[in-house]
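K.L.:
Read off the chains here:
Protein chains: 2
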Amino acid sequence: MLKINEHYLDLSEGFLFTEIARRIDEFTAKYPDRDLIRMGVGDVTLPLCDAVIDALHKAVDEMKDAATFRGYGPEIGYEFLRQAICDHYAKRNIHLNIDEVFVSDGTKGDLSNILDILSRDNVVLIPDPVYPVYVDTNVMEGRRILFANADKENNFLPMPDRSVDADIIYLCSPNNPTGAVYGYDQLKAWVDYAIEKDAVILFDAAYEIFVADPDLPRSIYDIEDAEKCAIEFCSLSKTAGFTGVRCGYSVVPHTLVYGGIDLNSLWMRRMTTKCNGLSYIIQRAAEAVFTDEGQAQIMENIRYYQENAKTITGALDELGIWYTGGKNSPYVWLKCPFDMDSWAFFDFLLENAGVAATPGCGFGANGEGFFRLSSFSSHDDTIEAMRRLKKVFTDYGK
Amino acid sequence: MLKINEHYLDLSEGFLFTEIARRIDEFTAKYPDRDLIRMGVGDVTLPLCDAVIDALHKAVDEMKDAATFRGYGPEIGYEFLRQAICDHYAKRNIHLNIDEVFVSDGTKGDLSNILDILSRDNVVLIPDPVYPVYVDTNVMEGRRILFANADKENNFLPMPDRSVDADIIYLCSPNNPTGAVYGYDQLKAWVDYAIEKDAVILFDAAYEIFVADPDLPRSIYDIEDAEKCAIEFCSLSKTAGFTGVRCGYSVVPHTLVYGGIDLNSLWMRRMTTKCNGLSYIIQRAAEAVFTDEGQAQIMENIRYYQENAKTITGALDELGIWYTGGKNSPYVWLKCPFDMDSWAFFDFLLENAGVAATPGCGFGANGEGFFRLSSFSSHDDTIEAMRRLKKVFTDYGK
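Taken in order, these protein sequences are the chains called A and B.
In terms of numbering that gives the first Met the number 0, the first sequence opens at residue 0 and continues consecutively.
In terms of numbering that gives the first Met the number 0, the second sequence opens at residue 0 and continues consecutively.
Chain A extracted, bound-state conformation (with noise of 0.2 Å):
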């Protein structure tokens, strides 16, 4: 009789993002004449830069062509984009093999399909808040899971406890839910702890494209020794709005050996068996983010959202609330004023000023009593949202 993978029954549900739809038809049907302002969404709302779309157009007109048209590609990616892809690391003097970069649909699966190679015997850290796809993927593999505490006091940036054995540490910097970006002597202890723990980090470096200091780091290969222990996993989704078009990579450097076994070649057997590769066409869209001209346009992009970050970072700045990110990053994280808890807020923020957002509980137990923003809305909604957002704490407070 056929069995099923009993630890999906192990799963919780996801519920974050249904009950905040919920919460919100509730106001919209109570509400049919407000306008209200979504906050919340992790979504690009920019269109593609014109290099990407010349690309696309060029590549479809190859597909028409029997002389020119590609059928089956590298399951792992075409060399064009691999060498661009180093290129471009090369450029930030971190230095990589053409066969340790892997192309793919994106940061989502390269974070799941890693765990393939990995035996459901190790131990996993992963910080608490955090995304939650981190969690489930193991949790469907009934993996042990341990939280690192991010909180208040540490900035949300929890550091390694030597007294904790893990085996597979799960760090994502600039942070998704709350902003936090990790510096070099940060992530230099945790490449530390990972060598002398034996294990692996899987380093989630999908919004490093906002790091706008240049004394933070954007790689963990900025890090001393990582490519020992470090595995990065990278998007063009946030970087160049490819949310909707696919287009993510990881770098398994061949320095990465376990009990005599390199990651590198186990993941090339992964994606050969398991995929065949990305589609040519998206292949040469994500090869014209690397060019000079591909790169000007999408940090116009870039740029806008890093505008309203500031809008917002200004508002809570003006009021008072204790926040992480919006400087080096697209998301502010942000402490529920009137001790309210995550729930409450959102309710109160979506009650009196019509503004919708993310309840940081959605993201795990030190979530509780936080709030996410996001900056990719438009400049005016920002702009108001934040106008509102003063509004009623300046009326509460009365």
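Please note that a few of the clues may not be correct.
If several chains are the same, the list does not tell them apart, and a pair holds so long as it fits within one copy or across any two.
What the hints assert, rightly or not - Listed below are the simulated DMTMM-like cross-link pairs for lysine to aspartate or glutamate, each with C-alpha atoms no more than 25 Å apart in a straight line:
id	residue 1	residue 2
1	Lys2	Asp120
2	Lys309	Asp191
3	Lys57	Asp86
4	Lys29	Asp9
5	Lys2	Asp135
6	Lys90	Glu299
7	Lys309	Asp224
8	Lys57	Glu195
9	Lys63	Asp49
10	Lys57	Glu292
11	Lys2	Glu223
12	Lys187	Glu350
13	Lys2	Glu140
14	Lys187	Asp197
Derived by calculation from the structure, the hints in this document are not laboratory data.
Quick caveat: nothing in here was measured; it's all calculated off a predicted structure.
Once you have looked at the hints, place chain B on chain A.
P.N.:
Only chain B this time, still in chain A's reference frame:
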């Protein structure tokens, strides 16, 4: 200390295609002036049809304007595409619910990923010879594998053996590599067996469009009660030349319930947790395939390949060589003549005719002594390859 998934060490080296490449390199080095014809390719060669090209350009243009730009889409695919797939099935009198259809980047991934939701304790039944992915993905998870012998005696269409207890059953019809196609009664026997054993059939329908004979099933759901025991996987790779574009779909009926758990909800949870959906642009291209215009255009390409298959089977008939496939499949699977084994015939054909194709032994123990020819080459190449085949046969007989 990090432990790898040790089952990866049980994988056999997939040396088939590297060995073919090595021998071809040797040949071209030895005979730089001789013309080589490749008849082994499992990839399409005709470009995308106009309806698809137009849909791609249109979708790209939508992505350059904020008003029509699309970010994250539904993880299981947009409704417009899932509805088009449902409508396509409905034309053949198979009625699916829209949330029983899941869009993906291809069948290779789906067939691999479906194993996530199934326990590693299940016993797997796989035909031999077979598409190597079925075996490798189960070896990676340490499942016990039984083989159903496909051979000349059963026309490479193995039937269920009630004394064998299996939980997961792979069927591929039209088959890769053998081109053999099951009839209604044969598939009904498999469905009855699966229901008796409370097993699930993973039905790979990637080549269904090549079924020309109206008396042969093209979907497992053409069989009564299959919705209680079978998941179907299909792809636009061969259907519409999407091998480099990437789009597939799986059908998981709500009626698939094991131990009180429905597989549809587990698969939904898997998809929503581990992926972010297929590129919007590609989904619009796939939608175009299912329009009347798209169907007419892709059928022109299918007829082109079918013409090649006819050229191949005509030559084999003339030479009295035993084969399966070719009539309702792009592959022709022949018994190596002169009692040669697969590699001996590979070398014979390469050396004497300058024709390279695929040794059957690469697909499993039962493939030894057989050989796969593909109909995906050009008309000219196929005709010339068969002319040379006939000539070397006549010469060899002398």
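K.L.:
Look at each hint and say if it fits the structure.
P.N.:
Each hint, compared with the structure:
1. In this assembly of identical chains, Lys2 and Asp120 lie within 25 Å of each other by CA distance both inside one copy and across copies; the values are 21 Å within and 7 Å between.
2. In this homomeric assembly, Lys309 and Asp191 never come within 25 Å of each other (Cα to Cα): the closest approach is 34 Å inside a single copy and 64 Å across copies.
3. With identical chains, the CA atoms of Lys57 and Asp86 are at most 25 Å apart within one copy only, with a shortest distance of 23 Å there and 32 Å across copies.
4. Taking the closest pair of Cα atoms, Lys29 and Asp9 never come within 25 Å of each other, the shortest separation being 36 Å inside a single copy and 61 Å across copies.
5. With identical chains, the CA atoms of Lys2 and Asp135 are at most 25 Å apart both within one copy (20 Å) and between copies (20 Å).
6. In this assembly of identical chains, Lys90 and Glu299 lie within 25 Å of each other by CA distance solely inside one copy; the values are 20 Å within and 48 Å between copies.
7. Taking identical chains as interchangeable, the C-alpha atoms of Lys309 and Asp224 are never at most 25 Å apart, the minima being 35 Å within one chain and 60 Å between chains.
8. With identical chains, the CA atoms of Lys57 and Glu195 are never at most 25 Å apart, being 49 Å at best within one copy and 53 Å at best between copies.
9. Both within a single protomer and between protomers do Lys63 and Asp49 lie at most 25 Å apart by alpha-carbon distance, with minima of 22 Å and 7 Å respectively.
10. Both within a single protomer and between protomers do Lys57 and Glu292 lie at most 25 Å apart by alpha-carbon distance, with minima of 16 Å and 23 Å respectively.
11. In this homomeric assembly, Lys2 and Glu223 come within 25 Å of each other (Cα to Cα) only across copies, at 23 Å, whereas the closest approach inside a single copy is 46 Å.
12. Neither within a single protomer nor between protomers do Lys187 and Glu350 lie at most 25 Å apart by alpha-carbon distance, with minima of 45 Å and 59 Å respectively.
13. For a Cα distance limit of 25 Å, the shortest separation of Lys2 from Glu140 qualifies both inside one copy, at 15 Å, and across copies, at 14 Å.
14. For the homomeric pair Lys187 and Asp197, the shortest alpha-carbon distance inside one copy (15 Å) is at most 25 Å, but the shortest distance between copies (53 Å) is not.
Hint compliance for this structure: hints 2, 4, 7, 8, 12 are broken, all remaining hints hold.
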